[in-house]
Amino acid sequence: MSQRSERRGIHVDQSELLCKKGCGYYGNAAWQGLCSKCWREEYQKARQRQIQEDWALAEKLQREEEAAYVSSHSSSQTQPPQSQSQQSLATFSKFEEKKTNEKTRKVTTVKKFFSPSSRTAPKKVPPEKESEKEEKLQGRRESHGENLLRDLKGIFTQPWEMASPTEESHEGKTPSPSITRQSSIETDRVSRDFVEFLKTLQKLGRDIHKQSRGFIESMGNKNDLSAEELSECVQDFYQGMSDRLMNHFKGSSEKVDRVMDQVEKYIMTRLYKSVFCPETSDDEKKDLATQHRIRALHWVTIQMLCVPVDEEIPEVSDSVVKAITDIIEMDSKRVPRDKLACITSCSKHIFNAIRITKNEPASADDFLPTLIYIVLKANPPRLQSNIQYITRFCNPSRLMTGEDGYYFTNLCCAVAFIEKLDAQSLNLSPEDFEHYMSGQASPRQQDDPAAWPQSGSRVNPALSQIHHNLKLLSNLEKRQQEVTEGAQNLQTELSEWQDSVAREVQEILERYPLEIKPRASAIDAENVENDRLPPPLQPQVFAG
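Going letter by letter, the sequence shown gives residues 1 to 544 in the UniProt record's numbering.
Incorrect hints may appear among the rest.
Unchecked claim - With a Cα cut of at most 20 Å, we get these calculated EDC-like pairs of lysine to aspartate or glutamate:
1) K210 / D243
2) K333 / D243
3) K333 / D365
4) K265 / D188
5) K322 / D338
6) K203 / E232
7) K358 / E279
8) K265 / D331
9) K333 / D193
10) K273 / E229
11) K273 / D257
12) K45 / E232
13) K45 / D261
14) K273 / E232
15) K285 / D331
16) K285 / D236
17) K333 / D261
18) K265 / E284
19) K348 / E315
20) K348 / D365
21) K210 / E228
22) K222 / D310
23) K255 / D188
24) K333 / D224
25) K273 / D224
Claimed, not checked - Derived Cβ-Cβ restraints for the label pairs, each shown as a range:
26) N475 / H298: 44 to 54 Å
27) A441 / E493: 28 to 38 Å
28) G214 / I466: 40 to 50 Å
Think of the hints as simulated: they come from the structure by calculation, not from any bench.
Positions of the beta carbon are idealized from the N, C-alpha and C atoms, including for glycine.
I would like the entire structure built from these sequences, with the hints used as guidance.
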């Protein structure tokens, strides 16, 4: 089988990574193959069309309502004036009532502010009640001042600039006090770094800080927005800030990018808990589906993907481990730029592993299968949420061009390939693919030893070690069976030998019974054999 046919399911033409509109920037599957610029243009057009359709529908409903009102008014000319006035009042919409109430509240507030009652001289009171009255007046002044400031803020502040709860409330719900302290420390550190950076810009820095804080506060009132609408708010802020910086720096893109990086870091660190995997999106559901999919593909080998990496080489194995670590570490970052940096670092380690294995520079056809293999081995946590977070809230210029955009686009392609992986992509029969997916069989557990990866093949050294250990366990099992059988035979032989010995002893006892002779009565008793003793030992008999 040729190398070309082996790669037919994994190969991706580089032109497929670019925007479908042909603008030259990198596209994204989340944007239907468009770059961020073209996607925003299409989104704005669709949004305008929707607004026009809504206006047309509203005008139509208004005309129908006016026609119904005219017909009802002409039919009610004979009714009493009181009923006619009540019917006319009922035609006011809720919007008009709300507008009237708001205008009344503002006028009342202004009257309070310029009321002469605050300028009237206080009445004289006895000295013993003066302190008590002073405390009451102080509490009233504070309460009245707070209400007055809130009302004035509602008068002179635009709706989209209304203050939200404190910035700390944007951090979202935290599972434990330790995580809260950690998030607070990181947030404070980022805020201090942002302020120190803005000090170098003098007046422009103060304006940027004011606008950034105002934007963070305004986002606190938008928790019920969808993920796309939150992304639109952030991207609009990026675009407006970038345009102002471009005018200030007179087209110096390097300075603009440096400032925008700091702005992105500050804003997204403060908004991370409220915009990452929001409740209004299905990111969590996609994360679980992707994790289950990768777990089901645990049997995919490095040969099936045609990955040109030899993990038995120590340098290559180290690069693979570092790539896996980087792609997993992406979830621990808060700023989209830092998450992109993890993807870029992972990709560079992959290129290094391919270069060492092949002794030549890696190509794009080698990179994508290896990236798929790394993702399958790592199974990164919340992969879909991280991809969507980068897509929605990263500075769009980073995703459109440069190595960050290229590597991120390849990661999106790798995830899409894993979701659509089939038997043809791995050069397997549909039956084998279904058996592997269902767990009924595994390519690493065939009865034929030739199906196992050999030590000289390009496989993971851990898999080779596992194969070697399994072979040792198989040999030990055979030896254990032999020892068990030998022990059982020995036990049988010992039992038979014991029975045979017992039978022989019994036969001897029956053939030669034991005879016990009587004992001598005394040592000086007459003995027929005394004469055989030598003279010194012969007993002497004395006559009594």
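Each hint, compared with the structure:
no.	hint	in the structure
1	K210 / D243	holds (17 Å)
2	K333 / D243	violated (28 Å)
3	K333 / D365	violated (29 Å)
4	K265 / D188	holds (12 Å)
5	K322 / D338	holds (16 Å)
6	K203 / E232	violated (28 Å)
7	K358 / E279	violated (46 Å)
8	K265 / D331	holds (16 Å)
9	K333 / D193	holds (17 Å)
10	K273 / E229	holds (16 Å)
11	K273 / D257	violated (25 Å)
12	K45 / E232	holds (14 Å)
13	K45 / D261	violated (29 Å)
14	K273 / E232	holds (17 Å)
15	K285 / D331	holds (17 Å)
16	K285 / D236	violated (28 Å)
17	K333 / D261	holds (15 Å)
18	K265 / E284	violated (24 Å)
19	K348 / E315	holds (14 Å)
20	K348 / D365	holds (15 Å)
21	K210 / E228	violated (25 Å)
22	K222 / D310	violated (51 Å)
23	K255 / D188	violated (25 Å)
24	K333 / D224	violated (25 Å)
25	K273 / D224	holds (14 Å)
26	N475 / H298: 44 to 54 Å	violated (27 Å)
27	A441 / E493: 28 to 38 Å	violated (45 Å)
28	G214 / I466: 40 to 50 Å	violated (58 Å)
In summary, the numbered hints that this structure violates are 2, 3, 6, 7, 11, 13, 16, 18, 21, 22, 23, 24, 26, 27, 28.
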